[in-house]
Amino acid sequence: MASPAVASARGLTTTRTRPVASKTASGDTRTRLAVLWGTVGVLVLGAASMFIGVTDVSLPALLRGDTAAWEIFWVSRLPRTVAVVLAGMAVAVAGLIMQLMARNKFVEPSVVGTVESATMGILVATVAFPAASLFAKMGIASVFALLGTWLFLTVINRLPTRNTLLVPLVGIMLGGVIASVTTFFAYQFDLLQTLNTWMIGDFSGVIRGRYELLWIVAIMTAIGYFAADRFTVAGMGADFTTNLGLNYKSIMRVGMIIVALISAIVVTTVGALPFLGLVVPNLVSLFFGDNLRRAVPLTAIFGAGIVLICDILSRTIRFPYEVPVGMIMSVVGAILFLLLLLRTQRKEASRPRA
Amino acid sequence: MPRAQASGTGSVVPLSSTTTQRASRWPLSPAVLTTALAMLSVLAIVLFMTLDLKGNIGYILPRRAVKVGAMVLAAVAVGVSTLLFQTVTNNKILTPSIMGFDALYGLLQTSLVFTLGGSAWVAAPEAFKFVIELGLMIVFASVLYRWLFTGGNKSLHLTLLIGIVFGTFFRGISALLQRLMDPSEYIILQDLFFASFNQVDPTVLGIATLIVGIACFFAWRMRSTLDVMALGRDVSINLGVAHKSVVSRVLILCTALVATSTALVGPVTFFGLLVVSIGYLICRSYQHAWLLPIVCLLGVISLVAGQLILENVFGFASALSLVIEFVGGILFIVLLLKGSLK
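Here the protein sequences come in this chain order: A and B. Take the first sequence: its position 11, counting from 1, is numbered 11 in our numbering, and each next residue is one higher. Take the second sequence: its position 161, counting from 1, is numbered 515 in our numbering, and each next residue is one higher.
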């Protein structure tokens, strides 16, 4: 039931059953190949990433059973790589879910204020309950992220015109307003520097015992996979969803909770990864179409891959010092986003006027 | 030539019915309004200079004067550049800083320190540096923003989004370069960057006064042409304005003003939007002859009085830009929701 809805949601034709079916078949092979090669790529990059660092951890040393090398491997290298993969997957999928719910290709949690709200939540937790555990702080951050996402979805539902480009604009400004309030209070409490570490993604502090909460994010990503086509339906509006016999409110609630939890957990453990959730789903839909069953795993794989590449870059560009990965991501992401925007413009210019 | 255009279009400008409706809501005539605002800003400046004045007056007074001077210059630079920018792009919501102008300036400074080395760059005389920066900035901005605004069939939303992403991009590269920089050079750069009202160099203030003065002189001479430009691209071309060349000239003026204000007080995203929106709201004339001074005065009042209130009532030292950011951001969203941007 969901797949025609998915197709029409993205403006594809649904009536031509036969050619679409054959296309789907070949698309399936293509996707399976992409998933396969993508997974291989992520594994290779992950393996490479485990052997980059100031302390020498080489494969021969590990094979020899060098205890010092194994110690670093277990305490620092493996956790870091796992954290990179989990965060990359989750943030990219959160972006995809956001795009389905807002029915807009140019939004993601860090564009619409979810990440800024989560940061505000951490600030509130730090100031009000300095002794609280990381888990409690994360809870507060998630509540704030949830409120921020809800605020954004409410605001865009009240827009006079549902212009594709207006929606992200409102989101960016909303995020800016939330961030300015956060900065104001961070400034008053002398926490600006602490705030910066949350606003810029950085994996350098990840060691064993400091990333495990990211596994929750993996569970969220899996839920996102199973519920993906429901979000598409919900994006079509409350009436449409109800007509199909689904509960609009509960779908939207689940989607918002997934996005908010992912954003809050990633921000508290590693910091923000800008543009990731925006660029990866768009590139996937550009090259592999909009079938969600395929899009979610591909988005997860490519999300992990891009963050792995950026993380390796962040460690080698100024070896032996490290540049926060969030900075690299913001430059790379901005370039990709600009290219996507200009592509949209070219497409719209060439389309005959209705 | 511009004079002739002005007399020809004098009847065209008040044509919109909103003008007459607004007139009843805001009974003050532009002349009275300007006088009132001028008096208010003088009051704010005098209060700022004299309030809580104790200790070594000969030491405090010049320092406060420099601070007020920086604020006045920044207010005028931001206000005028935003007004001109909105007029030539024919909308009420874009400002140079939202479009990433000041991020571009920051990137330029960072790249200069990064490539030339901080100590060499700082040793150079202020005026020389500023001229170089301004020159490069004008080249970059005119290439980039002329492409954005005269490119033809781009929608305003797309232009705005591209501008914002360019801003993010510039900021990202600057941040990255700053990370790759030698820490000592970074400190030099930080001084160049985040000069707040408190630490303005008198020499820089002199250069800034000169640049803002010249820019305002040209803006004032263009005031009648600008009235025509406000009618939109097609109408103004029909009325005989060389649209493209005026846009280019205004972009150069904006560049000079933005560079000056950024060098003086650092980036302020929403300040211009705030001041110009209030200006349009309370001025019942659409003529730049009135809008220009009113916007400048509003800017001076909000900066000087805002700083005064924040310092003396709330005890905050230098968070004015954050307050402006907050209020301006909300205003921006309201404008978007109201559909001012079509």
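Everything labelled a hint here was simulated from the structure, so no lab data went into it. Be careful, since some hints might not be right.
Unchecked claim - Subject to a maximum C-alpha distance of 30 Å in a straight line, what follows is the list of computed DSS-like cross-link-like pairs (lysine-lysine): (1) B/Lys421 x A/Lys249; (2) A/Lys347 x B/Lys598; (3) B/Lys483 x B/Lys421; (4) B/Lys692 x B/Lys446; (5) B/Lys421 x B/Lys408; (6) B/Lys692 x A/Lys347; (7) B/Lys446 x A/Lys347.
Against the structure, the hints:
1. Distance check on the hinted pair: B/Lys421 and A/Lys249 sit about 54 Å apart at the alpha-carbon level, beyond 30 Å; violated.
2. The straight-line distance between the Cα atoms of A/Lys347 and B/Lys598 is roughly 26 Å, inside the 30 Å bound, and the hint therefore holds.
3. Of the supplied pair hints, the one linking B/Lys483 and B/Lys421 holds, its CA atoms being roughly 22 Å apart against a limit of 30 Å.
4. About 12 Å separates the Cα atoms of B/Lys692 and B/Lys446, which keeps this hinted pair within 30 Å; it holds.
5. Distance check on the hinted pair: B/Lys421 and B/Lys408 sit about 17 Å apart at the alpha-carbon level, within 30 Å; holds.
6. At most 30 Å may separate the alpha-carbon atoms for a hinted pair to count; B/Lys692 and A/Lys347 meet this at roughly 28 Å.
7. Distance restraint check for B/Lys446 and A/Lys347: the Cα-Cα separation of roughly 27 Å lies within the 30 Å cut-off, and the hinted pair is therefore satisfied.
Checked against the numbered hints given earlier, this structure breaks only hint 1.
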